[in-house]
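K.L.:
Using the sequences and the accompanying hints, generate a full structural model.
Each chain, written out:
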Amino acid sequence: MAGAYAGLVNSPIGKRLAAQLGLPRPVKLRRYAVGSPLVDGPVLVGGPGDAPLAARARDLLKSEDVEVLEELPADGRVAAVVADLTEVEGPGDLDALRALVSPALKRLAPSGRVIVVGRNPARAATVAQQAARRALEGVTRSIGKELRAGATANLVLVDDGCEPNADATLRFLLSGRAAYVDAQVVRVGAGTPAEPADWERPLEGKVAVVTGAARGIGAAIADVLSRDGATVVCVDVPAAGEALARTANRVGGTALQLDVTAADAGARILAHAQERHGGLDVVVHNAGITRDKLLANMDESRWASVMEVNLGSILRMNEALLAPGALHDGGHVVLVSSMAGIAGNRGQTNYAGSKAGVIGLVDALGADQGLRARGITVNAVAPGFIETEMTAKIPFGTREMGRLLNSLSQGGLPVDVAETIAWFAQDANAGVTGNVVRVCGQSLLGA
Amino acid sequence: MAPKNTPRRAAVVAGNRIPFARANGTYAKASNQDMLTAAVEGLVARTGLAGEQVGEVVAGAVLKHSRDFNLTRESVLGSSLSPRTPAYDIQQACGTGLEAAILVANKIALGQVDSGIAGGTDTASDAPIAVNEGLRETLLELNRAKTTGQRLKALTGLRPGHVVPAIPQNVEPRTGLSMGEHMAQTAKQWGITREAQDELAAASHHHLASAYDRGFFDDLVTPYLGLTRDQNLRPDTSVEKLAKLSPVFGRGQGATMTAGNSTPLTDGASAVLLGSDEWADAHGLPVLAHLIDAQAAAVDYVTGNEGLLMAPAYALPKLLDRVGMKLQDFELVEIHEAFASTVLTTLTAWESEEFCRDRLGLDAPVGSLDRSKLNVNGSSLAAGHPFAATGGRIVASLAKMLHEKGSGARGLISICAAGGQGVMAILEAA
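As you go down the protein sequences, you meet chains A and B in turn. Quick note, in my numbering, the first sequence goes up one by one and the last residue is 447. Quick note, in my numbering, the second sequence goes up one by one and the last residue is 1430.
Hints were generated in silico from the structure; no laboratory data involved. Yeah, the Cβ is synthetic: ideal placement off N, Cα and C, and Gly gets one too. Just to be clear, a hint being listed does not mean it is correct.
What the hints assert, rightly or not - List time: in silico DMTMM-like cross-link candidates among lysine to aspartate or glutamate, alpha-carbon distance up to 25 Å:
# : chain 1 : residue 1 : chain 2 : residue 2
1 : B       : K1405     : A       : D264
2 : A       : K145      : A       : D40
3 : B       : K1326     : B       : E1306
4 : B       : K1107     : B       : D1277
5 : A       : K62       : A       : D50
6 : B       : K1405     : A       : E275
Stated by the list, open to error - A short, non-exhaustive set of chain A residues, derived as facing chain B with CB atoms under 10 Å:
#  : residue
7  : V233
8  : A243
9  : T247
10 : T254
11 : L256
P.N.:
Have a look at this one:
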């Protein structure tokens, strides 16, 4: 864990001081490694009514040999709480959530999980039901702020009849893959998920392309997709070729040196994937640049280059990549937005604009009936403060603030962003499209 | 079914090089092994061969440290290729890289391997400096001594002058003349003008720069140590600018060879992946071209019978005769620009009835070459010339160019080498 503050409050003296003053103390987050269990201990599962998602959660936990608790035992830690509130009819039913989760919070293990499951408020039958469904978000986000020691709280909204489609999401949020995903709302809808033969290799046999793969978050994405079984085509500008070759050789993929803004970039990526690897299943549009200036001083070239690389090129490449016969049916497109695209950022009108545009793009493509008919999902991650070469250059004070201004009191790692992208890329996750999930540790910015 | 050792055509599948750096430039502290490894790594990444075993890797360096006795194998071990990939070193001066490709292609043709990487590397910066020859002899004598008396006697051979190290010289051991001085004699003999040389040099820079600009090298070059283009490249050079340079080889009025129309000392490395068509297909890799024939030649430059760098002129008729072609039948011709005058002398010699009759034993001259086919994406004058790396640079680039021209297009490669040697090869687009 990086940061001067983290070092101080985790020192012997700092630890005592932080406890006395009630200061937040960042802990090392539980992160996924091949072979590690889904969760580290027993999981409390419950909810009012039929609680169909609680039933699914129990089944999948048992299949992973995780102990399932129906009620909180007299003592001992719980690793996670799954609260199924899909049956709420009105505000009065919400107390079930309090009653289930409240006693468990003090017993929650480090890097524990609170997962609230509900229904989409927009599809409620009554006003009271819509209000109650919407209330879950406020509760969950507040739990996120109350939790300590690396624990997170997230809300999953599952459409009626789509319960089986939530498995991949429940697994993801319970696991160490979602270490830095906190206070997010994931919407699960229709789709035809395919369960992998091996949940440790959910991308086995898939061909993925990652743009901007030479270093930083892009290189981490290539690593994680490869670890999960995919063959990775690593793309970056020719000038980044040396680092790109390192990434490609590390993951056993191929390096494709090209500028994503080239008119034929999409066609060349597609041709490479088809000729070398027999097709294309996953596209991760990660390439991005910053050219920061206050708007008062922003020239046309800074504006245009950021818009072109971060947004324009994606639209153009998608024409080739999403054409019939290009990306396989049932394929996945993942984009990288940013906290700046949600909250805005001083000096980043161009960057924030392009990253907000990415969200618009996900909204449009997620609702595209043609893509839905082909089973293609389109989602985005929006990273918060992630420890990269780029953030290492931020001045000390601003950097420490960036690290601390979130519920986990620390910056995330490139692998945290990559894990979320790899989850979006799973065939098991076919019911999740049009989502933007922040990987920000519940950042206070834009919340 | 044909017997397994019936010759088949070897395919050029992909190539990679690091940008070439001027001596004592960006790669000043990179060793031959570092650079060869980088070139192989880029090739492995481009072709997705990490962890895979290829039939063999063949490469070499002209300026070589004694510690690099197993240069290519050590580079393989430092790469992402399977450590079970065999390798060996070769050396044929500036012909090393092309000769390596020919060797790999021949083994593929005979079915002895299904794939192989041919390469070359050279550094004029990290040059092997040896101890003084007198000191070396004294130390060896000391090593052989068995008694204290013999040891003391051996030590009396030490001289103050022995502190002066032996630095590799760019001269022909049998004439004491540098390659440039040799070439200056030949150029003068053939009446090659300064203007023609400067025009060729300017064209080389302009062609190379425009090839970079249109992305031709995007899948042929991988940046190294922050260098993304050849350091010697001068996109804005011109015949006028080149005309201002003073001659550096030859003497007096007739001297025409300058630093601008001669290749500079350069550091760099290249690697080319070859394979059978079946191997390429099984790996989802394209067949850019086939290496269909090759020929080496050597001339007697020591007695002054022929110019040092004229051997390719002699290799050509044998090659043309064997494949039943004329020089004019080639769509593209790559003549390594050791010096602008080398290219011009070779072309002029082929046009000369007298030379072709008396020296090559031909009934009619080889004839002239349409210059629009020559070194169309630039050559060594612009890119630089790390001796053993030049062959790989040309094979990969020409294979791609021919592939762009379309099936059946043929290209000729001509490389002159120290010791009065020359190596040629023919590629044909698949």
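K.L.:
None of the hints should be skipped; say for each whether it holds.
P.N.:
Hints and how they fare:
no. : hint                 : in the structure
1   : K1405/B with D264/A  : 20 Å, holds
2   : K145/A with D40/A    : 22 Å, holds
3   : K1326/B with E1306/B : 24 Å, holds
4   : K1107/B with D1277/B : 14 Å, holds
5   : K62/A with D50/A     : 19 Å, holds
6   : K1405/B with E275/A  : 20 Å, holds
7   : V233                 : 9 Å, holds
8   : A243                 : 9 Å, holds
9   : T247                 : 8 Å, holds
10  : T254                 : 4 Å, holds
11  : L256                 : 8 Å, holds
Of the numbered hints stated above, none is contradicted by the structure.
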